[in-house]
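Peer 1: Here is how the chains run, residue by residue.
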Amino acid sequence: MLFSTEEILETIRMITTEHLDIRTVTLGINLQGCASDDVDVVSKRIHDKITSVAGRLVPEADSIESKYGIPIVNKRVAVTPIATLLDSIADDATHAGIKIAKSLDSAAKSVGIDFIGGYSALVHKGFTRGSTALLNSIPKALTETETVCSSVNVASTKSGINMDAVVKMGEIIKSASPKPINCAKLVTFANAPPDNPFMAGAFHGAGEPESVINVGISGPGVIRAVVEQAENVDLGTLAENIKRTAFKIARVGELVGREMASRLGVKFGIIDLSLAPTPTKGDSVANILEAMGLERCGAHGSTAALALLTDAVKKGGAMASSYVGGLSGAFIPVSEDVGMAEAVAEGAINLDKLEAMSSVCSVGLDMVVVPKDTPAETISAIIADECAIGVVNNKVTGVRIIPTGKEGDYVEFGGLLGGSPVLSVRRFSSAKFVRRGGRIPAPIQSLTG
Amino acid sequence: MKKERAVITVNGADHPGIVAAITKILADMGINIEDLSQTVVQDLFTMIVIVDLRGADMIELQDKLNKAGAKQGVQITVQHEDIFKYMHRV
Numbered sequence: 001m002l003f004s005t006e007e008i009l010e011t012i013r014m015i016t017t018e019h020l021d022i023r024t025v026t027l028g029i030n031l032q033g034c035a036s037d038d039v040d041v042v043s044k045r046i047h048d049k050i051t052s053v054a055g056r057l058v059p060e061a062d063s064i065e066s067k068y069g070i071p072i073v074n075k076r077v078a079v080t081p082i083a084t085l086l087d088s089i090a091d092d093a094t095h096a097g098i099k100i101a102k103s104l105d106s107a108a109k110s111v112g113i114d115f116i117g118g119y120s121a122l123v124h125k126g127f128t129r130g131s132t133a134l135l136n137s138i139p140k141a142l143t144e145t146e147t148v149c150s151s152v153n154v155a156s157t158k159s160g161i162n163m164d165a166v167v168k169m170g171e172i173i174k175s176a177s178p179k180p181i182n183c184a185k186l187v188t189f190a191n192a193p194p195d196n197p198f199m200a201g202a203f204h205g206a207g208e209p210e211s212v213i214n215v216g217i218s219g220p221g222v223i224r225a226v227v228e229q230a231e232n233v234d235l236g237t238l239a240e241n242i243k244r245t246a247f248k249i250a251r252v253g254e255l256v257g258r259e260m261a262s263r264l265g266v267k268f269g270i271i272d273l274s275l276a277p278t279p280t281k282g283d284s285v286a287n288i289l290e291a292m293g294l295e296r297c298g299a300h301g302s303t304a305a306l307a308l309l310t311d312a313v314k315k316g317g318a319m320a321s322s323y324v325g326g327l328s329g330a331f332i333p334v335s336e337d338v339g340m341a342e343a344v345a346e347g348a349i350n351l352d353k354l355e356a357m358s359s360v361c362s363v364g365l366d367m368v369v370v371p372k373d374t375p376a377e378t379i380s381a382i383i384a385d386e387c388a389i390g391v392v393n394n395k396v397t398g399v400r401i402i403p404t405g406k407e408g409d410y411v412e413f414g415g416l417l418g419g420s421p422v423l424s425v426r427r428f429s430s431a432k433f434v435r436r437g438g439r440i441p442a443p444i445q446s447l448t449g
Numbered sequence: 001m002k003k004e005r006a007v008i009t010v011n012g013a014d015h016p017g018i019v020a021a022i023t024k025i026l027a028d029m030g031i032n033i034e035d036l037s038q039t040v041v042q043d044l045f046t047m048i049v050i051v052d053l054r055g056a057d058m059i060e061l062q063d064k065l066n067k068a069g070a071k072q073g074v075q076i077t078v079q080h081e082d083i084f085k086y087m088h089r090v
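Top to bottom, those sequences are chains A and B. Read in order, the letters of the first sequence correspond to residues 1 to 449 in the working numbering. Read in order, the letters of the second sequence correspond to residues 1 to 90 in the working numbering.
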């Protein structure tokens, strides 16, 4: 036979019982050609461009899903950071931003997708007129739309940390938080990748082609099954087993990405090798660490276990695909990972441990719920810490933080966003430090070449 | 015409008529069977059929097999061979 029975049944088992899927097929679209000084013209051009380029995204993804029998969970669109379009608006650019956000929302709904990313600005070195306007408009733009996702890059290894932007993001998050779901659609980044297919941080960055397909794979359930089977092996052997399975998972992403790009007549960009958990039981990164032998995720040793996991997934995946990019790590979102939320509820993991773990995987502090009365400066300081980890270690870090409820409450977001207990934050003030503003200089390791 | 293979996997409780029901659909659609393997372990029937679609519509085949699967009380999946090639062959 062309394939052995074991090979065929292994693939089917991965899909049916271990929740293997393609987490997202994200179509990046360049909107720079939509610029005008008139916001109504920009809005119409944006709507027309998205609906024409992405019109076949959902039906083609559905057709590939049934051809290969592999679920494609999310189909999404990422666009040029909208701040660049606001630069050329003649009138009130903040007001224009909200109009454009509504146009993105309407285009997303008409092509049948649940999220569109790119209501974004890159301000790691400073602000332009457009990026200032965009930041000011974020709370209202998120409140008045359903599908629009926003991200702001406030730091990079090459430029350091723009603390004025970090302060601003604390305030924006606070003012967006009366509707908590707004904060789930807003990421603050250091070293944001231009080709990340995952929401809420996806945007079509500088240097990208006109249109491009980027694919986010999944598979925490598959990796957990492999780790559970390898109960009595040493950690070197365990890493090897994870690598082999990550290879197979990434190959499916490569297959789907290439076919999707060719069907839409656009470039194939990258496979993002991130393990992305869902609130489904068993589809959890926390449960993988526990299967490695930790009583609960967050126990001492969790950072080491996560480092092993992230590295093995990257090594296996890098062999499987010609183009790897995006975030490529392991996601540890608290609310979206039922094992992580349980670990918080049991007191096994707190904000400090999550911060430590974010130094060895991408994404950073993701879907973390903190008390509603957390001061804006404390949120800014949490962002600054996370940026420092990203900037110094030359890696992506992000913060998606939701100030709502009070410590001990359980907050439910529903769907793939899941739910989480409210974590505690330190009660000592960081206000004076963050309010100094300015730019923390780039670290010495930025001076390469 | 270039070969276009699909892998059909059938799983369920063993009883008479499963193979007949599936092969009849394939014959009616003019789809050639290239390889077939079947096992029964503890009354659980597993069959893997590799077919050459040669222009036959995969969606139509999936539809017909799903209906037959529901009637026979077995799970049937039809997948293009490339997913197995990509995962298991370098």
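Calculated directly from the structure, the hints in this document are not laboratory data. On a predicted model such as this, the values are computed, not experimentally measured, just so you know. Even for Gly, the Cβ is constructed at its ideal location relative to N, Cα and C. Errors might be hidden in some of the hints.
Residues from chain A that face chain B, not an exhaustive set, calculated with beta carbons under 10 Å [to be verified]: (1) THR16; (2) VAL252; (3) LEU351; (4) SER359.
Distance ranges between label pairs, derived from CB positions [what the hints assert, rightly or not]: (5) A:LYS315 / B:LYS24: 30 to 40 Å; (6) A:ASP48 / B:VAL41: 51 to 61 Å; (7) B:GLU4 / A:LYS109: 49 to 59 Å; (8) A:ALA345 / B:ASN32: 53 to 63 Å; (9) A:SER322 / B:SER37: 28 to 38 Å.
Peer 1: Name the hints, by number, that the structure is in violation of.
Peer 2: 3, 4, 5 and 7
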